[in-house]
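Below are the chains, spelled out letter by letter.
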Amino acid sequence: QSVLTQPPSASGTPGQRVTISCSGSNSNIGSNTVNWYQQLPGTAPKFFIYSNDQRPSGVPDRFSGSKSGTSASLAISGLQSEDEADYYCAAWDNSLNAYVFGTGTKVTVL
Amino acid sequence: QLQLQESGPGLVKPSETLSLTCTVSGGSISSNSYYWGWIRQPPGKGLEWIGSTYYSGSTYYNPSLKSRVTISVDTSKKKFSLKLSSVTAADTAVHYCARGTGGSGFDYWGQGTLVTVSS
Chain A
33 QSVLTQPPSA SGTPGQRVTI SCSGSNSNIG SNTVNWYQQL PGTAPKFFIY
83 SNDQRPSGVP DRFSGSKSGT SASLAISGLQ SEDEADYYCA AWDNSLNAYV
133 FGTGTKVTVL
Chain B
171 QLQLQESGPG LVKPSETLSL TCTVSGGSIS SNSYYWGWIR QPPGKGLEWI
221 GSTYYSGSTY YNPSLKSRVT ISVDTSKKKF SLKLSSVTAA DTAVHYCARG
271 TGGSGFDYWG QGTLVTVSS
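Top to bottom, those sequences are chains A and B. Counting the first sequence from 1 gives a position; this note's numbering is that position plus 32. Counting the second sequence from 1 gives a position; this note's numbering is that position plus 170.
Partial chain A-side listing against chain B, Cβ under 10 Å, derived: (1) Asn-64; (2) Thr-65; (3) Trp-68; (4) Thr-75; (5) Ala-123; (6) Asn-129; (7) Ala-130; (8) Tyr-131; (9) Val-132; (10) Phe-133.
What the hints contain is simulated information worked out from the structure, not anything from laboratory work. Just so it is clear, the structure is predicted and the values come from calculations on it, not from any experiment. Just so it is clear, CB atoms sit at the ideal spot from N, CA and C, and this is done for glycine as well.
Throw the hints in and build the complete structure from the sequences for me.
Written as structure tokens, this is what we have:
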């Protein structure tokens with residue numbers, strides 16, 4: 033079982049703002065940076081947000097990441113149909129000495 | 171453009187050893203700036219980190235798999251490998267190889283390869 037907890041699903045209509053939470057603990061999010069991955073159906077995960085809030089080249093600026101204490105969030109402002117995907121948070125866990133992924137959130141555009 | 175490609179058997183019998191190789195092209199595997207990892211995803215489920223290795227040979231494994239996992243790197247061939255012993259049906263998953271960058275996570279991924287454990 034994952035030590036990073038995400039809601040199983042999130043949804044919105046085109047143009048809406050959607051936020052995905054990622055809850056951890058002092059040994060992971062509380063001590064290390066958070067990364068986010070986007071996984072489109074049938075494809076490999078894509079590097080999406082790193083170091084809590086940094087976007088790699090090519091990731092639209094409607095996506096933003098943030099971290100506070102032992103939680104992190106990924107926000108999508110101006111939801112688009114192509115944003116339908118699974119999103120995973122991840123961080124290093126100092127207690128487990130392991131890289132841990134969140135449980136994943138499926139985003140649906142209504 | 172860096173590319174990673176997994177290869178290996180798609181079917182492994184229970185109790186045997188799963189062996190996969192990741193070939194790196196378009197970039198160097200011998201850099202202190204990066205590490206190389208394996209991540210798996212059972213059908214319909216989430217991602218699980220298996221372990222990572224630096225080109226120097228230093229390795230880090232998921233504690234839940236540590237007793238069964240070996241990850242090694244061959245810098246001359248620009249490849250790194252995964253071996254998982256004593257597999258069961260629970261090890262059936264798409265296996266991805268990926269490049270890691272410091273605390274920033276995995277920035278390049280292979281396309282993934284499905285390994286099914288079945289007799």
